[in-house]
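Number of protein chains: 2
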Amino acid sequence: MADQPGVFWLNGALLAGDASCIDPSDRGLLLGDGLFETIAVRRGQARDVQRHFARLQQGCALLRLRLPWDLAAVERALDEVAVGNGLLEGGLRLTLTRGPAPRGLLPTAAARPTLMITGFCLSPVASPVRVIVSTQIRRDAASPLSRIKSLNYLPNILARLEAEDAKVDDAILLNQAGFVAEATTGNIFLKRRGKWLTPFVSDGALPGICREKFLESGQVEEARIHAAWLSSAEAFCIGNVLSVRAVSQIGPIAVPTTDYLRTGPG
Amino acid sequence: MADQPGVFWLNGALLAGDASCIDPSDRGLLLGDGLFETIAVRRGQARDVQRHFARLQQGCALLRLRLPWDLAAVERALDEVAVGNGLLEGGLRLTLTRGPAPRGLLPTAAARPTLMITGFCLSPVASPVRVIVSTQIRRDAASPLSRIKSLNYLPNILARLEAEDAKVDDAILLNQAGFVAEATTGNIFLKRRGKWLTPFVSDGALPGICREKFLESGQVEEARIHAAWLSSAEAFCIGNVLSVRAVSQIGPIAVPTTDYLRTGPG
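Chains as they are written, first to last, in this note's numbering: chain A, 1 to 266; chain B, 1 to 266.
Fair warning: there could be bad hints in the mix.
Since the list can't tell identical chains apart, any single copy or any two copies may satisfy a pair.
When the alpha-carbon atoms are kept at most 25 Å apart in a straight line, the in silico SDA-like pairs for lysine to any residue are as follows [what the hints assert, rightly or not]:
1) LYS167 x ALA61
2) LYS191 x ALA72
3) LYS167 x ALA110
4) LYS167 x GLY59
5) LYS167 x GLY104
6) LYS167 x SER143
The hints are simulated quantities; they were obtained by calculation from the structure and are not laboratory data.
Modelling step: build the complete structure from the supplied sequences, incorporating the hints.
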């Protein structure tokens, strides 16, 4: 298993990180039929677990996926992986797929979902990033799949490759109407006329946990963000639960990085 | 491995069908980062292999995925799986993912793709189907991902669930402009004013192999198909390389099934 630390959790068992043990008929592998959550670990503790579970359950409802463990058991499993890998600063990835199944698009009632939890170390330092606006990929704001964290990540991967071609760190995705939706791995926070703004979920923003907390704290408000506002931003951040990074440049335009959003405790 | 016959091929080895052997860090599983082809087997022979390879290579070019075997070796592997499973009538599924990799959206140059080939039996009999038009899912005709056969199949799965709710067999996907694109598992062929028509790839049709052959033979021509034409069709089929099925009903409207498209030899 590429660069994973010591152990991971699969369907109730803690396994060695180099075990190749996924069923080749898993619908996660064959059809992208599943969900994931990336959960921050700080000072050895998984953070915002109940928020992640709430989002996971919304995804399960849309995909009609049954989580075959109660949430208390999943929370214990998250702890086991954090402890088993000696994680202090880093993250946990929870992946839920519809599991091994016969051919065909229609899920069978008998399918037993696959639940996997892996851990990773991560330095909490996040330096400013340079971004472009993707010309190739638009976010499909009307799709119900844009509101959940599914395994269908090829649009984001293509946009990230486009950023790499432009020798920058990330790409901003507009929706099909041309409004700002999100970045490939995080939500967008933009300061304009003294206020921090973030795109509406109905404009294609993933309902991110970090975004949710900024909105609840009153630091940020939702707005429809025009693409033209990006290059005139007073400040600009991309955030997910692992980090909030200042954007220092969008295309050829420098963005001030003197001001940025700070995450609260926890 | 759910309902798979005896053997499958993985990265150069022929394995028993119940082997759970996929690396949990495979990007196919974690991010839907890959492609597939479903290849018909008739009288024990894989059909249209060069056409499938051509489409696979187009997908590889878009995703910048390297096929780590030459095509002659892949063709031998297809035969090995067909023979190893005693397949006479059925199909082979070739799945290519970017393989095991460290965290992060950006593919690393060192990643070694995963190539897997499984086989399945299938009766060549295909009875008429009833369909609805999906209200939940629209095909993103502008996305380059709509022109390749990627692992990101959740839109089609949700539409298929919607068909199941309506107690019918399949769902038709319109594009965002409201024109007909395809069905969840095949291209659409519609007879209107005495001519068989199929949607343009630029309107969101997957460039299907069966569609390609019908176009080359002159049996079918490309057209922009208005949603309203579906219920007034003189005949209507959904086709992929495994079967061409007549549509007998769209929503509450019966469609004549006296006329249908026939596939040629091979």
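Each hint, compared with the structure:
no.	hint	in the structure
1	LYS167 x ALA61	between (39 Å within a copy, 20 Å between copies)
2	LYS191 x ALA72	neither (39 Å within a copy, 56 Å between copies)
3	LYS167 x ALA110	between (47 Å within a copy, 19 Å between copies)
4	LYS167 x GLY59	between (34 Å within a copy, 23 Å between copies)
5	LYS167 x GLY104	between (41 Å within a copy, 16 Å between copies)
6	LYS167 x SER143	between (30 Å within a copy, 23 Å between copies)
In this structure, only the earlier hint numbered 2 is contradicted, and the remaining ones agree with it.
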